[in-house]
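Hey, can you work out the whole structure from these sequences and the hints?
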Amino acid sequence: MDFIVDMQGLSKTFAGRSSTVHALQDISLQIEPGEFVSLIGPSGCGKSTLLRLIGDLLPPSGGGLSVNGKEAHQARIDGDYGIAFQKATLLEWRTVRRNIELPLELAGVPEAERRSRANDLLQMVGLTEFSDHHPWQLSGGMQQRVAIARALGQRPPLLLMDEPFGALDEMTRESMQNELMGIWRETGTTVVFVTHSIPEAVFLSTRVIVMSARPGRITHQIAIDLPQPRDLAVRESPRFFELLTDVREALRGRTGTR
Amino acid sequence: MRVERLWPPLVAFVVMVGLWEGIVALFSIEAFLLPAPSAIWTSFTQNSATIWAYGMRTLTEALGGLVGGTVLGVLVAAAVARWTTLRLGAMPFAAAVNAMPIVATAPIFNQLFGSTNPVSKMAVVALMVFFPVMANTARGLNEIDDSELELMRAMAASPFSVLRRLRIPSALPYFFSAMKVAVPLSLIGAIVAEYFGGPQNVLGQYITNRAQLFQFPDAWAAILVSAIMGITLYLLVLVVERVLMPWHVSTRTSDG
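Read top to bottom, the protein sequences are chains A and G. Residues 54 to 311 in the numbering used here are what the first sequence spells out, letter by letter. Residues 152 to 407 in the numbering used here are what the second sequence spells out, letter by letter.
Everything labelled a hint here was simulated from the structure, so no lab data went into it. Note that the structure is predicted; figures quoted are calculated from it, not measured. Even glycine gets a Cβ: it sits at the ideal position worked out from N, Cα and C. Heads up, some of the hints might be wrong.
[Said to hold, decoys possible] Calculated lysine to aspartate or glutamate pairs in the EDC-like style (CA-CA distance at most 16 Å, straight line): (1) A:Lys140 x G:Asp297; (2) A:Lys140 x G:Glu301; (3) A:Lys140 x G:Glu172; (4) A:Lys140 x G:Asp296.
[Stated by the list, open to error] Facing chain G, from chain A, some residues (calculated, C-beta under 10 Å): (5) Gly122; (6) Ile130; (7) Thr148; (8) Ala204.
Given below as structure tokens:
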């Protein structure tokens, strides 16, 4: 049983001026390679904080955490994960291609290899003809595709995504979800996906982790048994709507699902 | 820039100069009150060898100070951006220094370096230019989006990489807006410093001397030279800005 992410009794507190805030309390979660796991919950439930603990962008206050079989710090140094945020955070002075090459450049990948890898990634996200454009010339959806391509640069076994489609309109959002499904199947990478959209979580995931706030903790884990590959038919199936209801009920704090 | 956009300012300029000329002629305004553009132009062409030679000396002082002040400003900005304690300690002090009229120090620098030494003028210019460059560049180096820093951290970027690949490119627009302020300041600094004494063959002294002799068209012709130099320097900054950061909002063209 080799988990790609293994959390044991993980907690995170932020020291405030007069009191300490328990952002996360006693989080135990194991994620297997190849899973697509969504973290969903009300704002303030610590789902983004949890993602940042996995990425070693924040230190945990207590408990155990291993990422790709190592300490989170080592996993970050080794480039074991790629990350995408709600904001595309592209460097505006770099072209699309050079943005995608950034993590490869930082890892010291030789130029020829960088170029061919970037070509593959550009093709994967369908932006080959935009490779020499600057970010401001792209739509929001295209910018987010560049950010995802960049995150996949080093073929990481783990992809961390913090509401990557949160700022997109509904139509773009659905097509991005379809695209992400394709990328996930193609690369076999594990995804940890933070969202506050119930349909998004259900459509994308193999497992939905429902969290509650103050203190942030896991209340439910719902396995999503929808067939693969996920397509429009899946979105319109009765089972999809049943699972939406399950997640919604779980978010409301009712027990009795699985 | 499109040709259509060149027309309005050009027309405005011609109309303004025409009005000026007309009013001076119509009301027979004395040359010591306001010389006509034609009189200024005559002086400008007749004395062009002299005033351009003087102008070049003034320009050398301005550029010397500009380069010195900018280099110093950028270095201090880098230090201040790197060490928070230094920033907290130095910034109020720097703001206080900036609030004082720096040209007032010109007589002191004249004594320190010798009034005939161009370094005395450069020192005044450097001091004037230093603060806007330092403050702006420091802000540019520091005002980085949290998510961009997180991204660099996630990609295990070294502090040097963050500086080179994130902080410096982010600071460039701030640096250039500082340069657009610093360029006119450098000429002001050099000319005003010259008013306080030094060699006679510079613009500041020429303007003072001609004005004292009521030769106002000559004084205005020298001011025209300083204006041409100032505008040229400013345009040069715009060109360098365009070359160094073609991606930026300020240089974007609508068809880009």
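Here's how the hints hold up against the structure:
no. : hint                : verdict
1   : A:Lys140 x G:Asp297 : holds (11 Å)
2   : A:Lys140 x G:Glu301 : holds (12 Å)
3   : A:Lys140 x G:Glu172 : violated (58 Å)
4   : A:Lys140 x G:Asp296 : holds (10 Å)
5   : Gly122              : violated (18 Å)
6   : Ile130              : holds (5 Å)
7   : Thr148              : holds (8 Å)
8   : Ala204              : holds (9 Å)
Checked against the numbered hints given earlier, this structure breaks hints 3, 5; the rest are met.
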